[in-house]
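Visitor: So you can see what is in the structure, the chains are spelled out below.
2 protein chains.
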Amino acid sequence: MDYKKRREKVFKVIEERGLDGAIFISPENVFYFTGAPFVKGSVGKILYFAKDGTASIIVTDLDYQEVVDFVDTDALKIVKTEFGERPSERLKKISGKKVGFEEQHLSYYLYDYLRKDLELQPLNGVAEKMREVKDEGEIRRIEEAQKITERALDEALQSFVKGMTEVEVASEVERRMRLLGAESYAFESIVASGERAVYPHGKPTKKRIEEGESVILDLGAQVGGYCSDMTRTFFVGTPRRVLRDVYDAVVQAQNEALKAAREGITGKELDGVARSILKEFGYDQYFGHGLGHGVGIDVHEGPSVSPRGEAKLTTGNVVTIEPGVYIPRMGGVRIEDMVVITGGGSRNLTNFSKKFIEI
Amino acid sequence: MDYKKRREKVFKVIEERGLDGAIFISPENVFYFTGAPFVKGSVGKILYFAKDGTASIIVTDLDYQEVVDFVDTDALKIVKTEFGERPSERLKKISGKKVGFEEQHLSYYLYDYLRKDLELQPLNGVAEKMREVKDEGEIRRIEEAQKITERALDEALQSFVKGMTEVEVASEVERRMRLLGAESYAFESIVASGERAVYPHGKPTKKRIEEGESVILDLGAQVGGYCSDMTRTFFVGTPRRVLRDVYDAVVQAQNEALKAAREGITGKELDGVARSILKEFGYDQYFGHGLGHGVGIDVHEGPSVSPRGEAKLTTGNVVTIEPGVYIPRMGGVRIEDMVVITGGGSRNLTNFSKKFIEI
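Quick note, the sequences are listed as chains A and B, same order. Under our numbering, the first residue of the first sequence carries the number 1, and numbering increases by one thereafter. Under our numbering, the first residue of the second sequence carries the number 360, and numbering increases by one thereafter.
Next comes chain A alone, as it looks inside the complex (with noise of 0.2 Å):
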């Protein structure tokens, strides 16, 4: 990863936009940088970038040590906080008067303490739009990431029976991402079935996934920082006609929008593809969310692919793309496929077969 590159067009947004420096406080961002290792949901670490061209990365004793071995110290200063000292109030200490910040990260009661001394100006997404464009090796730990996926997946099927509960089968999938090299997963996995298929957002229960039933499985593991984000549904013995018919929808769905994805092309647009095919069948209106969204460090991130992505895609985005049906009381079909949008169209990044499988 080339850090340092990343961080010379930080140093460059700071002197065009005349600040005397810029924080970053996601660990998202913070590793996206530096490379200085996060663990989700935990905050802490702030990354100062001076106007003068040093970046330091303000921790206290807790991350330190880990921060000193993963991160080039030649090239980034390490500041420890006194026993019992917030590295927002060291970054006081240290930082010049007019600095730039994540608006869509720090939260207001931090903005509050910070803009008492200092001069605060919102980066405008400097960090996410630049998270946005893949280079190689990034897309290298994605698609890792996604081949792990896919052989957990492929393999815990084997292993399936009618009968068993949602969270018996997240348990041998994940447990197989990790031995396969997953440092973590990218998101909580969703495993939901019959009735339960309707909930997008549906984390695995007890509930055991019984004859006729569609079973939605949505799977990401996390390399190298980097996550994968992955849907299939599947189906055991012989599902309702209406579920057949919903599946085929949502494949052709899907297949246009795979084809139409490309350079150029709006979020917005290319959600409209899938979009109208589901109309044609009539099941439009039960898909009830965005098309995709990019995947990275974040398995949500930009660009967003839904009816509010006014933004075109360029080459090296890396976006899901997963139509999906939800009916109340019936069930839910869901599939989703990574691509990495390229100049002439786009290279699909899931491999996993999207046949109808009664299993």
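Not one of these hints is a red herring.
Quick list of in silico lysine-lysine cross-link-like pairs, DSS-like style, CA-CA up to 30 Å: (1) LYS627/B <-> LYS116/A; (2) LYS399/B <-> LYS129/A; (3) LYS80/A <-> LYS638/B; (4) LYS40/A <-> LYS566/B; (5) LYS312/A <-> LYS439/B; (6) LYS506/B <-> LYS40/A; (7) LYS279/A <-> LYS439/B; (8) LYS566/B <-> LYS4/A; (9) LYS436/B <-> LYS207/A; (10) LYS475/B <-> LYS116/A; (11) LYS92/A <-> LYS627/B; (12) LYS77/A <-> LYS40/A; (13) LYS93/A <-> LYS627/B; (14) LYS92/A <-> LYS671/B; (15) LYS80/A <-> LYS566/B; (16) LYS451/B <-> LYS312/A; (17) LYS363/B <-> LYS206/A; (18) LYS40/A <-> LYS627/B; (19) LYS566/B <-> LYS147/A; (20) LYS268/A <-> LYS451/B; (21) LYS147/A <-> LYS399/B; (22) LYS521/B <-> LYS147/A; (23) LYS80/A <-> LYS671/B; (24) LYS268/A <-> LYS439/B; (25) LYS399/B <-> LYS354/A; (26) LYS475/B <-> LYS268/A; (27) LYS129/A <-> LYS475/B; (28) LYS80/A <-> LYS627/B; (29) LYS92/A <-> LYS488/B; (30) LYS452/B <-> LYS268/A; (31) LYS565/B <-> LYS40/A; (32) LYS451/B <-> LYS129/A; (33) LYS713/B <-> LYS40/A; (34) LYS312/A <-> LYS475/B; (35) LYS207/A <-> LYS363/B; (36) LYS565/B <-> LYS4/A; (37) LYS439/B <-> LYS206/A; (38) LYS475/B <-> LYS92/A; (39) LYS98/A <-> LYS475/B; (40) LYS475/B <-> LYS97/A.
Worth flagging that the hints you see were computed from the coordinates, not collected in a lab. Quick caveat: nothing in here was measured; it's all calculated off a predicted structure.
Given chain A's structure and the hints, the job is docking chain B onto it.
Guide: Positioned in the frame of chain A, the structure of chain B alone reads:
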């Protein structure tokens, strides 16, 4: 869970502070007040309390069905956004002018968007402070999550053999947590051995756990929306003498803190009890984090049991007590129990042995 009673407290705050309403966007807080399911890290739902005594959950189509199925729709209004409309846009259409908000959770971005039309006032941790005091139902869920974690670890240890990798151990425990009834993991499991055991947040890697090393396992399950949190340190074969001594010191520091935990002591004082024991042993400079934290819907919440914990502990707090010693290039030891504070002392929710275990 008495969601209604919790909501009544918010209505009272609205009245006391002369507000027109209050919003909650943190999925954990929305769950706390309504029971609406959530996936960690996801946002999108807004809970709006109006001064007229009505409460509404604003959701997109994505979350609509799950919310309808899981919350009390007699007491709560479910507001579904239009196609492509954000919950924050809808909020502006239904809310009053003077609105309280969660200063710790609202991003500057959303704050800036909302303040254009609303008069925003920080709620100063209203929900977070309520959540610090657990009721019987909450304690039961935390205890259940803890029991599952203990049983999973116990079972996994039966099949532990020298030379296993950190991820193999993690996958084994996690799988069993799922099968024993965890709906999810409380956090990303920590398995860190040998020199890696000096990273308090070390995620499992393919590193093999070798003779003479300590291995720290920090694990938690989620049950009914509530987390558990436990750490144990084991040894493979006979460890270096100093690690044995460190283990004794950490056990003793924890024991004294467990004895001192009671209503009325501040987090800072309790932290000091453990820290002074480690000082007697000469290891206090290697104890680089706070002694503990509250546990509930979040695995890290209030009250703080650290040098910054000025507040007095109170009956119903559930906090961890987790001294740790990490010696660079040598190894680490951390032992963590979770207790509920009572008037006369505390009740330990953790029953897993702390005997020095060589495996």
